[in-house]
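Asker: Chain residues, written in single-letter form:
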Amino acid sequence: MRTTYREALRTAHREALRRDPRVFLMGEDVGRYGGSYAVSKGLLEEFGPERIRDTPLSESTFVGAGVGAALAGMRPIVEIMTVNFSLLALDQIVNNAALLRHMSGGQVSVPLVIRMATGAGRQVAAQHSHSLEGWYAHIPGIKVLAPATLEDARGMLWSALQDPDPVLLFEHATLYAAEGDLAEGAGAVDIARAAIRRPGRDVSILTYGGTLPKALAAAEALGREGIDAEVIDLRVLRPLDGGAILASVRKTRRAVIVDEGWRSGSLSAEISARIMEGAFYDLDAPVARVCSAETPIPYPRHLEEAALPQPEGIAAAARELIHG
Amino acid sequence: MTDQGSPQPASREHGLALLREMIRIRRFEERCAELYGQGKIRGFLHLYIGEEAVAVGALQALRPEDAIVATYREHGHALVRGIPATKVMAEMYGKATGCSRGRGGSMHLFDAATRFYGGNAIVACGLPLAAGVALADRLRGERRVTACFFGDGALGEGEFHESLNLAALWRLPVLFVCENNLYAMGTAIERHQAQLDLPLKARGYAVAAASVDGMDVLAVEGAARRAAEQVRAGEGPFLLEARTYRFRAHSAYDPELYRSREEVERWKQRDPIPALQRALREAGVLRPEDVERLEAGIAREIDEAVAFAEASPWEPVDDLLRDVVAGPASGGAP
Numbered sequence: 024m025r026t027t028y029r030e031a032l033r034t035a036h037r038e039a040l041r042r043d044p045r046v047f048l049m050g051e052d053v054g055r056y057g058g059s060y061a062v063s064k065g066l067l068e069e070f071g072p073e074r075i076r077d078t079p080l081s082e083s084t085f086v087g088a089g090v091g092a093a094l095a096g097m098r099p100i101v102e103i104m105t106v107n108f109s110l111l112a113l114d115q116i117v118n119n120a121a122l123l124r125h126m127s128g129g130q131v132s133v134p135l136v137i138r139m140a141t142g143a144g145r146q147v148a149a150q151h152s153h154s155l156e157g158w159y160a161h162i163p164g165i166k167v168l169a170p171a172t173l174e175d176a177r178g179m180l181w182s183a184l185q186d187p188d189p190v191l192l193f194e195h196a197t198l199y200a201a202e203g204d205l206a207e208g209a210g211a212v213d214i215a216r217a218a219i220r221r222p223g224r225d226v227s228i229l230t231y232g233g234t235l236p237k238a239l240a241a242a243e244a245l246g247r248e249g250i251d252a253e254v255i256d257l258r259v260l261r262p263l264d265g266g267a268i269l270a271s272v273r274k275t276r277r278a279v280i281v282d283e284g285w286r287s288g289s290l291s292a293e294i295s296a297r298i299m300e301g302a303f304y305d306l307d308a309p310v311a312r313v314c315s316a317e318t319p320i321p322y323p324r325h326l327e328e329a330a331l332p333q334p335e336g337i338a339a340a341a342r343e344l345i346h347g
Numbered sequence: 157m158t159d160q161g162s163p164q165p166a167s168r169e170h171g172l173a174l175l176r177e178m179i180r181i182r183r184f185e186e187r188c189a190e191l192y193g194q195g196k197i198r199g200f201l202h203l204y205i206g207e208e209a210v211a212v213g214a215l216q217a218l219r220p221e222d223a224i225v226a227t228y229r230e231h232g233h234a235l236v237r238g239i240p241a242t243k244v245m246a247e248m249y250g251k252a253t254g255c256s257r258g259r260g261g262s263m264h265l266f267d268a269a270t271r272f273y274g275g276n277a278i279v280a281c282g283l284p285l286a287a288g289v290a291l292a293d294r295l296r297g298e299r300r301v302t303a304c305f306f307g308d309g310a311l312g313e314g315e316f317h318e319s320l321n322l323a324a325l326w327r328l329p330v331l332f333v334c335e336n337n338l339y340a341m342g343t344a345i346e347r348h349q350a351q352l353d354l355p356l357k358a359r360g361y362a363v364a365a366a367s368v369d370g371m372d373v374l375a376v377e378g379a380a381r382r383a384a385e386q387v388r389a390g391e392g393p394f395l396l397e398a399r400t401y402r403f404r405a406h407s408a409y410d411p412e413l414y415r416s417r418e419e420v421e422r423w424k425q426r427d428p429i430p431a432l433q434r435a436l437r438e439a440g441v442l443r444p445e446d447v448e449r450l451e452a453g454i455a456r457e458i459d460e461a462v463a464f465a466e467a468s469p470w471e472p473v474d475d476l477l478r479d480v481v482a483g484p485a486s487g488g489a490p
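First to last, the protein sequences are chains A and B.
In terms of my numbering, the first sequence opens at residue 24 and continues consecutively.
In terms of my numbering, the second sequence opens at residue 157 and continues consecutively.
Just so you know, the hints here were simulated from the structure itself, not pulled from any lab data.
Predicted model only: the values in this text are computed from it and were never measured.
Think of the CB as a built atom: it goes at the ideal place given N, C-alpha and C, for glycine as much as any other residue.
It is possible that some hints are incorrect.
Cβ-Cβ distance ranges computed for the label pairs, FRET-style [stated by the list, open to error]:
hint: 1; chain 1: B; residue 1: H348; chain 2: A; residue 2: A339; range: 54 to 64 Å
hint: 2; chain 1: B; residue 1: R327; chain 2: A; residue 2: Q150; range: 49 to 59 Å
hint: 3; chain 1: B; residue 1: V473; chain 2: A; residue 2: D213; range: 31 to 41 Å
hint: 4; chain 1: B; residue 1: G453; chain 2: A; residue 2: R37; range: 50 to 60 Å
hint: 5; chain 1: A; residue 1: P187; chain 2: B; residue 2: V473; range: 16 to 26 Å
hint: 6; chain 1: A; residue 1: D43; chain 2: B; residue 2: P411; range: 50 to 60 Å
hint: 7; chain 1: A; residue 1: D43; chain 2: B; residue 2: R327; range: 20 to 30 Å
hint: 8; chain 1: B; residue 1: R327; chain 2: A; residue 2: R42; range: 21 to 31 Å
hint: 9; chain 1: A; residue 1: A316; chain 2: B; residue 2: A189; range: 51 to 61 Å
hint: 10; chain 1: A; residue 1: Y56; chain 2: B; residue 2: R219; range: 36 to 46 Å
hint: 11; chain 1: A; residue 1: A149; chain 2: B; residue 2: P240; range: 26 to 36 Å
hint: 12; chain 1: A; residue 1: H161; chain 2: B; residue 2: R299; range: 36 to 46 Å
hint: 13; chain 1: A; residue 1: Y56; chain 2: B; residue 2: P411; range: 48 to 58 Å
Derived, one-sided and incomplete: chain B residues facing chain A with beta-carbon distance under 8 Å [as the list claims (entries may be wrong)]:
hint: 14; residue: R257
hint: 15; residue: G260
hint: 16; residue: G274
hint: 17; residue: A287
hint: 18; residue: L291
Can you make the complete structure from the sequences, with help from the hints?
Answerer: In structure tokens, the structure reads:
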């Protein structure tokens with residue numbers, strides 16, 4: 024079945040709303056407008072305004088209301104238009120959603136799903152181009168997912184709704200229009216493990232989300248040169264599937280980490296550290312990283328492209344590890 | 157509108173119950189202050205002494221199925237809601253038998269059984285939570301009220317304004333109770349708010365509102381009952397401002413440089429506990445031996461709570477990563 028990432032997400036919402044009366048969706052422009060990325064288009068007509076709720080522009084409060092509704096037994100899906108605006112809701116995510124189970128001694132849980140678009144690549148300039156999922160992956164008490172494929176766009180939402188703890192889903196803005204085939208019966212997927220998207224022997228390319236297609240393109244290019252790259256889609260940024268990372272690196276003995284977040288103090292740094300801790304003596308070369316340049320994301324296309332990880336840069340980093 | 161109704165207590169029994177709850181909070185917290193001095197209780201300790209009439213009065217309007225979202229100055233609310241003093245005291249100690257299994261301490265008292273959702277210690281962070289709890293009740297068709305307590309400091313936070321707007325827009329059954337003790341920590345309300353008429357602020361968001369003398373427990377009860385009835389009837393949220401005063405420092409670390417001793421003494425003349433005793437005496441329902449009897453019962457309860465906390469075990473360090481996420485104690489990061 025031909026579909027898009029956006030449609031796969033919409034199907035996942037429709038299914039969740041049909042299967043569980045506790046599920047409802049709220050966020051800015053999710054109803055009449057149809058969602059700023061059109062994910063929820065048509066859902067208001069199908070499920071009505073009680074379950075598809077347009078909110079005022081008040082991220083902290085509608086995220087907090089999601090936390091409260093989850094505390095009280097509902098299964099809210101909160102859409103924050105983009106990760107950039109989630110900064111206005113940091114208090115509710117970090118101080119409430121992530122902590123309430125712990126502070127209450129395990130008495131309450133927050134089965135809340137928060138979805139948001141993330142990432143750059145559409146010339147929308149610095150305030151709309153952040154990739155801050157790595158920040159959220161720092162916080163104990165929440166899970167952080169990054170669906171990068173149609174299967175995960177279709178399947179992660181339901182799995183996230185079954186989780187008794189808050190789950191954040193980061194949807195890279197460049198992926199919504201991605202098109203491909205999805206099995207008719209596609210449904211829930213695991214939200215515990217990384218996935219090997221391309222098996223290989225010579226070098227591990229570890230990535231997630233919007234840079235997965237770029238990593239796969241780099242791997243194809245490397246393949247034409249006789250370098251057999253393995254591409255790991257992390258899928259779950261917290262808790263990281265450390266076992267999958269180490270297994271791949273132990274096999275290929277080389278690792279390139281690709282992360283659209285900035286390099287300093289980043290998720291890529293965490294992954295690199297885990298490789299040092301767990302596979303140092305298996306390495307044939309130092310771990311390499313391909314991240315965004317340490318600059319706010321610029322508006323002009325040529326500068327934006329230069330700021331972000333690109334297939335050529337990823338391939339070059341891999342080549343460097345092999346040929347020195 | 158100022159809610160001036162100071163009704164007579166419905167009965168001797170009810171009047172004594174209100175008196176007992178206020179004295180109970182007072183004595184419990186006085187003991188907490190002593191225990192703090194002895195190093196038994198650590199961290200922040202925010203005392204409610206002086207403000208007891210607000211929690212005691214307002215909680216009379218709630219039913220068992222209603223919910224409460226409170227602040228870090230919530231010992232009184234927790235006790236009145238029915239969390240046993242033993243479990244509250246053990247929580248103050250950080251013991252495993254505490255109402256939050258010791259993980260929260262003074263600022264994070266929780267009790268799922270009575271829908272007591274904290275113990276929230278970021279100013280104003282409880283208002284959105286309350287809106288959400290109320291939304292859940294509404295979506296399930298339950299006629300329940302969520303009472304949300306916060307201080308005047310919260311008026312400066314965006315979440316106050318956002319939450320009033322959202323609650324009004326969606327007609328959520330939230331009873332917002334502003335415990336206006338005139339200070340946001342050390343900043344007097346006239347130094348942090350341009351508009352001091354709180355009901356006017358609420359009405360700016362289409363939220364019904366009233367002010368009440370927070371040192372008069374009967375007035376608070378009357379106003380809270382009227383407000384809660386309206387909220388329960390589906391008429392949308394209500395903001396009740398209770399004008400009150402904290403007799404003690406903001407927390408144990410506060411040297412109180414920002415207010416005069418005279419001001420504190422003036423407010424102590426309006427102490428809600430003697431005020432209720434006078435009202436009951438004037439109504440002819442307080443007998444000479446009543447207060448002594450109440451005090452004796454409360455002293456026993458608090459002694460038992462302290463003994464329970466002292467005797468309770470510490471949580472083993474092996475359990476450190478428990479209750480971070482559901483399931484095995486992994487801390488969510490294998």
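Asker: If a hint holds in the structure, say so; if it does not, say that too.
Answerer: Each hint tested on the structure:
{"no.": "1", "hint": "B/H348 x A/A339: 54 to 64 Å", "in the structure": "holds, 56 Å"}
{"no.": "2", "hint": "B/R327 x A/Q150: 49 to 59 Å", "in the structure": "violated, 34 Å"}
{"no.": "3", "hint": "B/V473 x A/D213: 31 to 41 Å", "in the structure": "holds, 32 Å"}
{"no.": "4", "hint": "B/G453 x A/R37: 50 to 60 Å", "in the structure": "holds, 59 Å"}
{"no.": "5", "hint": "A/P187 x B/V473: 16 to 26 Å", "in the structure": "holds, 25 Å"}
{"no.": "6", "hint": "A/D43 x B/P411: 50 to 60 Å", "in the structure": "holds, 53 Å"}
{"no.": "7", "hint": "A/D43 x B/R327: 20 to 30 Å", "in the structure": "holds, 24 Å"}
{"no.": "8", "hint": "B/R327 x A/R42: 21 to 31 Å", "in the structure": "holds, 28 Å"}
{"no.": "9", "hint": "A/A316 x B/A189: 51 to 61 Å", "in the structure": "holds, 56 Å"}
{"no.": "10", "hint": "A/Y56 x B/R219: 36 to 46 Å", "in the structure": "holds, 39 Å"}
{"no.": "11", "hint": "A/A149 x B/P240: 26 to 36 Å", "in the structure": "violated, 54 Å"}
{"no.": "12", "hint": "A/H161 x B/R299: 36 to 46 Å", "in the structure": "holds, 42 Å"}
{"no.": "13", "hint": "A/Y56 x B/P411: 48 to 58 Å", "in the structure": "holds, 53 Å"}
{"no.": "14", "hint": "R257", "in the structure": "holds, 3 Å"}
{"no.": "15", "hint": "G260", "in the structure": "holds, 5 Å"}
{"no.": "16", "hint": "G274", "in the structure": "holds, 7 Å"}
{"no.": "17", "hint": "A287", "in the structure": "holds, 5 Å"}
{"no.": "18", "hint": "L291", "in the structure": "holds, 5 Å"}
Of the numbered hints stated above, those contradicted by the structure are hints 2 and 11, listed in ascending order.
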